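Engineer: Here the protein sequences line up with chains A and B, keeping their order. For the first sequence, position 222 (counting from the first letter as 1) is numbered 233 according to our numbering, and the numbering increases by one without interruption. For the second sequence, position 122 (counting from the first letter as 1) is numbered 754 according to our numbering, and the numbering increases by one without interruption.
It is worth saying that the hints were derived from the structure and are not from the lab. Just so you know, not all the hints are guaranteed correct.
[As the list claims (entries may be wrong)] Counterexamples of contact, computed for chain A against chain B with all Cβ distances above 12 Å: (1) W14; (2) L29; (3) A118; (4) G306.
[To be verified] Covered stretches of chain B, going by a simulated chain A footprint (3 or more residues, C-beta under 8 Å): (5) 642-656; (6) 695-701; (7) 708-714; (8) 816-826.
All values derive from a computational prediction rather than experimental measurement. Yeah, the Cβ is synthetic: ideal placement off N, Cα and C, and Gly gets one too.
Take a look at the letters that make up each chain.
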Amino acid sequence: MRWLLIKDLQILRRSPLLVALLVVYPVLIALMIGFALSSPPGKPTVALYDAVPTGKGSISIGNQHINISHYADQLFASINAIRVNSKAEAIAKVKNGQAQAALVIPADIVSQINSLITQGVGSPTVQLILNTRDPLERQFAEQAINARAAQVQQAVSKQVLGVAVADLQKVLNGGTLQFLGQSVPLLGLRNTRAIVQGTITSLPANSPLRTALGQVVAFSNLAIGGFNFASPVLQKIGSPLTIQQVQLAGKTTPTASYAAAIAVIVSLMFVGVLLAAGLLALERSENAYSRLVRGLVTPTSLLSEKIVISAAGAAAVTLLMSAFVSLFVHLDWARFPLWVAALGLGGLAFGALGVAIGGLAREVSVASLMAFVLTLPIAFVALVPGDAVSGTLRSILNAVAFVFPFRAALQAASNAFSGAAPGIGWPLVHLAVLALVFGALARLTLRRFA
Amino acid sequence: MAVRDLSRRFGTRTALDRLSFELFAGEVVAIIGPNGAGKTTLLSILAGVLQPSAGEVSRPTGRRFGWVPQEPALYSKLSVAENLRLFARLEKLSDPEGAVTAMLAQTDLTDRADEEVGRLSGGNQQRVNIGIGLLSEPPVLLLDEPSASLDPRQRERLWEFIGGLAVRGTTIVFSTHNVAEAERFAGRVLVLGDGELLFTGTPAELERTVHTPDTDPGDFETAFVRFLHDRGH
Chain A
12 MRWLLIKDLQ
22 ILRRSPLLVA
32 LLVVYPVLIA
42 LMIGFALSSP
52 PGKPTVALYD
62 AVPTGKGSIS
72 IGNQHINISH
82 YADQLFASIN
92 AIRVNSKAEA
102 IAKVKNGQAQ
112 AALVIPADIV
122 SQINSLITQG
132 VGSPTVQLIL
142 NTRDPLERQF
152 AEQAINARAA
162 QVQQAVSKQV
172 LGVAVADLQK
182 VLNGGTLQFL
192 GQSVPLLGLR
202 NTRAIVQGTI
212 TSLPANSPLR
222 TALGQVVAFS
232 NLAIGGFNFA
242 SPVLQKIGSP
252 LTIQQVQLAG
262 KTTPTASYAA
272 AIAVIVSLMF
282 VGVLLAAGLL
292 ALERSENAYS
302 RLVRGLVTPT
312 SLLSEKIVIS
322 AAGAAAVTLL
332 MSAFVSLFVH
342 LDWARFPLWV
352 AALGLGGLAF
362 GALGVAIGGL
372 AREVSVASLM
382 AFVLTLPIAF
392 VALVPGDAVS
402 GTLRSILNAV
412 AFVFPFRAAL
422 QAASNAFSGA
432 APGIGWPLVH
442 LAVLALVFGA
452 LARLTLRRFA
Chain B
633 MAVRDLSRRF
643 GTRTALDRLS
653 FELFAGEVVA
663 IIGPNGAGKT
673 TLLSILAGVL
683 QPSAGEVSRP
693 TGRRFGWVPQ
703 EPALYSKLSV
713 AENLRLFARL
723 EKLSDPEGAV
733 TAMLAQTDLT
743 DRADEEVGRL
753 SGGNQQRVNI
763 GIGLLSEPPV
773 LLLDEPSASL
783 DPRQRERLWE
793 FIGGLAVRGT
803 TIVFSTHNVA
813 EAERFAGRVL
823 VLGDGELLFT
833 GTPAELERTV
843 HTPDTDPGDF
853 ETAFVRFLHD
863 RGH
């Protein structure tokens, strides 16, 4: 096997273009994937026409002022806003592609909100104008604005409810109310009840007022009970759900480390599979296979040599890549031996898959094409989140991901890089088994060579 | 070497049907026959590349035959010397470097030892191809259509080289479509048709089988065609 290894290394050394393609291309793709996955989403550019006059952006509820403009400004956290001076200008920005969407806030938005809050009448409306040429761009802008608008609505609702709850407390317990710039004392239900009860006890036993005042006390009791119940309920409506996060087992992979693991395993897969498939097909296209297996080398030894050289090449490339990525993303160097184990066994599994593919092809070009065409869906299937699809399809995707090395290699690498759960033991065993299974399949495909 | 009742089937198709013959030291044997007769299959079984479905091939113990496939089985990115060195090491020769040097001299390629095989002419590639088959100094050299891709001058040099091997005691077995080559260089011909061994003997004996007082085939090729026709091929 040693002489075959040396021979293949000599051939690779004299094929710089092939080596460059095998190494540089997947590394570039992998780095782009990693960068895309670890980068935060960009902000859509939105033309904003705010017709609300300056200084007219607040409403008063009871003794509190709510600045609507303050909440509108929160939208800018999610968008790159281009302020324009008219609705027509906003639409023009969308049409000529300078903005992906336009947001038009009418001049009477504050009075509309005021009317809704104080009288329950009306439906405050802002207008979102979307570019329909590119569906993905349209969805991106729509989601960014809707998500932020929902947060703004919730914040405004919470503040309005806060005012309402405070006013209820005053109706219940008494206090002062600001009205037309004047402080107006408010007696409150509890005080009213106490006064009425005091009045009842001072009345003669047979006074006809006792019955009437008793009805007032009964109403007060009912109202106090109702307000006691309503107040905390109203407070909760502002934020009805509190989400408490519980991590079930171990620590989870940081997003950046996971993205790095994906980038590294995509490279491992491309280099391992393409190299193994190409080197095995080369024996056929150079007509050397029949000469080798007539007693000089056993088919199993030949396959093992191809798997080992492709695994070593893929692991070396991806270890270098991991070291480079660790300059930008935290990868745990203390776990370096596990990096080697994950990428080494992953390389063996991908190499075995590569020789199984290479055994089916007569030409290097066909083997490379087959390897490329097969590996892309394997990665795609393994990266589909389990909950993104329905039951039957999820089972099928899980089964497909299980019989190919990508998912196991990704689990092993993400654990090696960060110590994330689940552990690395099972993925490594899984990879070793897959290497043996694909090696056995490759041995069967070699019968075609004979 | 003796071949006894050798058969080979591919699925339901019989490529070779109960062939029996012997080979003797230093003789040059040509395997001829129409396309699909089984020539390459027979050579592949003799070389050990294919296993027979039935029958046996008895070889001198401990010796592997030299094998020269029809298409040069070489690594085009390696030099002439590197190709020879690789196979010398895989053959586990006691002195691989010595064998390479000797083979470069024997094939007259010493001055091109460091040239990549992919840049050599077809004739020189075939010489390297044969050189690899001869590295272990086999008692029998099997060649499948050795002159198929060569021009007349290269063919002449090839047969000169092979003739020299036979003189030194190597048994040569080659397949060819060129029956004139078989007549000229082979001491004995094996004629195959549809996997059956139709004739074994010298070219002159084959001519005599179709020669009658009324019909003179004129040349060996005409005699060969008539021979096949007479036997329904």
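Engineer: Next, verify each hint and record whether it holds.
Structural biologist: Evaluation of the provided hints:
no., hint, result
1, W14, "5 Å, violated"
2, L29, "10 Å, violated"
3, A118, "77 Å, holds"
4, G306, "6 Å, violated"
5, 642-656, "violated (count 0)"
6, 695-701, "holds (count 3)"
7, 708-714, "holds (count 4)"
8, 816-826, "violated (count 0)"
The structure shown violates the earlier hints numbered 1, 2, 4, 5 and 8.
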